[in-house]
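Chains as they are written, first to last, in the working numbering: chain D, 1 to 286; chain E, 1 to 212.
I should point out that these hints are in silico values taken from the structure, not numbers from a laboratory. Heads up, a few of these hints could be off.
Stated by the list, open to error - One-sided and incomplete, this derived list gives chain D residues near chain E with beta-carbon spacing under 7 Å:
| hint | residue |
| --- | --- |
| 1 | S24 |
| 2 | T159 |
| 3 | L163 |
| 4 | F176 |
| 5 | R178 |
| 6 | S184 |
| 7 | N187 |
| 8 | M188 |
| 9 | V190 |
| 10 | V241 |
| 11 | T244 |
| 12 | G245 |
Positions of the beta carbon are idealized from the N, C-alpha and C atoms, including for glycine.
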Amino acid sequence: MTAAREEEPYEEEEPDEEELPAWSLPSTAMEGIAIPPTWPARVDRDWAFGGSTGKGVRVAIVDSGIERGHPLVGEVEEAVVASGAAGEEPSIDEDEQGDACGHGTACAGIVRSLAPDCTLVSVRVLGSGWTGSGRLLVAGLRWAIEQGVEVVNMSLSTTKRELAAVLHELADTAYFNRTLLVASAHNMPVESFPWRFSSVLSVGSHELTDPLAYFYNPSPPVEFFARGVEVDVPWLGGTSVRSTGNSFATPHITGICALIRSKHPELTPFQVKSVLHLTANNVGGA
Amino acid sequence: MTEQELRDAVAAGVIAAEAGHRELLQSIVEVARAIFGARASSIFLLDEEADELVFEAVAGEGSEALVGRRLPSSTGIAGWVLVTRQPLVLADVEQDPRFARDVAEATGYVPKSLMAVPLLHEEQVLGVLQVLDRPQKERFSLSEMDLLGLFANQAAIALDLLGRARRARAVVEGEADLAVVARLAATLDDLSPERREAGFGLLAALERVLAK
Numbered sequence: 001m002t003a004a005r006e007e008e009p010y011e012e013e014e015p016d017e018e019e020l021p022a023w024s025l026p027s028t029a030m031e032g033i034a035i036p037p038t039w040p041a042r043v044d045r046d047w048a049f050g051g052s053t054g055k056g057v058r059v060a061i062v063d064s065g066i067e068r069g070h071p072l073v074g075e076v077e078e079a080v081v082a083s084g085a086a087g088e089e090p091s092i093d094e095d096e097q098g099d100a101c102g103h104g105t106a107c108a109g110i111v112r113s114l115a116p117d118c119t120l121v122s123v124r125v126l127g128s129g130w131t132g133s134g135r136l137l138v139a140g141l142r143w144a145i146e147q148g149v150e151v152v153n154m155s156l157s158t159t160k161r162e163l164a165a166v167l168h169e170l171a172d173t174a175y176f177n178r179t180l181l182v183a184s185a186h187n188m189p190v191e192s193f194p195w196r197f198s199s200v201l202s203v204g205s206h207e208l209t210d211p212l213a214y215f216y217n218p219s220p221p222v223e224f225f226a227r228g229v230e231v232d233v234p235w236l237g238g239t240s241v242r243s244t245g246n247s248f249a250t251p252h253i254t255g256i257c258a259l260i261r262s263k264h265p266e267l268t269p270f271q272v273k274s275v276l277h278l279t280a281n282n283v284g285g286a
Numbered sequence: 001m002t003e004q005e006l007r008d009a010v011a012a013g014v015i016a017a018e019a020g021h022r023e024l025l026q027s028i029v030e031v032a033r034a035i036f037g038a039r040a041s042s043i044f045l046l047d048e049e050a051d052e053l054v055f056e057a058v059a060g061e062g063s064e065a066l067v068g069r070r071l072p073s074s075t076g077i078a079g080w081v082l083v084t085r086q087p088l089v090l091a092d093v094e095q096d097p098r099f100a101r102d103v104a105e106a107t108g109y110v111p112k113s114l115m116a117v118p119l120l121h122e123e124q125v126l127g128v129l130q131v132l133d134r135p136q137k138e139r140f141s142l143s144e145m146d147l148l149g150l151f152a153n154q155a156a157i158a159l160d161l162l163g164r165a166r167r168a169r170a171v172v173e174g175e176a177d178l179a180v181v182a183r184l185a186a187t188l189d190d191l192s193p194e195r196r197e198a199g200f201g202l203l204a205a206l207e208r209v210l211a212k
């Protein structure tokens, strides 16, 4: 991490992608990739997301839907559902059903509690039957990435190996398009996807009660641990429940990513991961 | 040995195995209920063809009357756990009928707390294990989640065995596509040694082709 250089003040401009060299770096193009020297000598939480409310950041919740009008969730900007009979290409349509289970509402509520001004998008991939559920998950995730949302919360996974390749491709597409994919790890030694891919942020649970306590795991595949035990979350019918599971640790990291992306929209997924690492409780944050 | 005798011999073993696996499942839910001090525990099997979850074993509240009852496979708590392969623990549940509608309809009461974990065997999801109303005196801990995972593993193995026994029974009862294998075995058994050897040669070749 280099200190900010005084003589090159940071200009608040998105880099012009057309001028950036993508595949090689000729000496004449070196100036073009100069990273705006906004990084402080020491990255801390105040720099990373101090004062941020998540404003301007779109967060997609790929799950069971989000209940409309839940006081702990607030406004949902857009809600879609992935559906389609076996053998047909799944379609994405406006979703008026809300939440098929309560789980998506819970995840949305956690994100909202951390990033109160973020924009929530519901992508329902559950509730249309077991058969073909993996295909719907892929279709919903693809749609969210195509919309260019800043962060995607996936508190779910699939064990179907046949879907691993397409999910891997989608995870990489998201990574290169500046969409952060935050995915729940398994709490059992199970091979499932997409959380095992290195281009996503994978999340497991710790037992602390601080919603802003997060840890970097030096022994991946699980990369981060966040609050996932006895979390009060919104549920169906305007109610709330106390819940436990990596499903609920994941939206904590999603919310924190929304705060970081709101304050530093120029950061790539790689850089956001670095910021999370540097600000983790066990690394030097907190 | 005639085809009928062979079927009888295999069926005796297969049916006994199925009964044994059912007892194993029952024992798993009873131990799970006892260890967590819970009001009830149940195992659902996924019926892929019907796209439904079936109560396969129940301990405690509801018990026997529930075995065989069916729920949609992808709604409610059990459906979410099944489809997403993620365990879920809920406590301090408010008395709202929309909560855990599936559980309430099935058991006749709305639990105050619920633990549900997917039953995974290799890349297959076989069903869901649920533990209802564990005493909420203490905070839930990650070690309990691990314990739940261990039970789930055992239940998944038992469900896998049960599934195999049922498929085997369908074969010996001549109901499945694979019944041809039982007929083939009986036919081979009746052949003269020479012809039987030729038959085994053919089967070995078929085995090599299918293994590719």
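Outcome of the hint check:
About 40 Å separates the beta-carbon of D/S24 from the nearest beta-carbon of chain E, more than 7 Å, and the hint is not met. A least Cβ separation of about 5 Å between D/T159 and chain E falls short of the 7 Å threshold, and the interface hint therefore holds. With a cut of 7 Å, the hint placing D/L163 at the interface with chain E is violated, because the nearest CB-to-CB distance is about 10 Å. Interface hint at D/F176: violated, since its Cβ lies 26 Å from the closest Cβ of chain E, which is beyond the 7 Å cut-off.
Taking 7 Å as the C-beta contact cut-off toward chain E, the hint placing D/R178 at the interface is violated, the least distance being around 26 Å. Residue-level restraint check for D/S184 holds (minimum Cβ-Cβ distance to chain E is 6 Å; threshold 7 Å). A least Cβ separation of about 6 Å between D/N187 and chain E falls short of the 7 Å threshold, and the interface hint therefore holds. Given hint, D/M188 at the interface with chain E, holds; its Cβ is 4 Å from that chain's nearest Cβ, closer than 7 Å.
Interface restraint check: D/V190 against chain E, minimum CB-CB distance 6 Å, threshold 7 Å, status holds. Hint status for D/V241: holds, given a least beta-carbon distance of 5 Å to chain E, under 7 Å. At about 4 Å, the closest approach between the beta carbon of D/T244 and any beta carbon in chain E falls short of 7 Å, and the interface hint on this residue holds. With a least beta-carbon distance of about 5 Å to chain E, the hint placing D/G245 at the interface is held under the 7 Å criterion.
Consistency with the previously given hints fails for numbers 1, 3, 4 and 5, ordered from lowest to highest.
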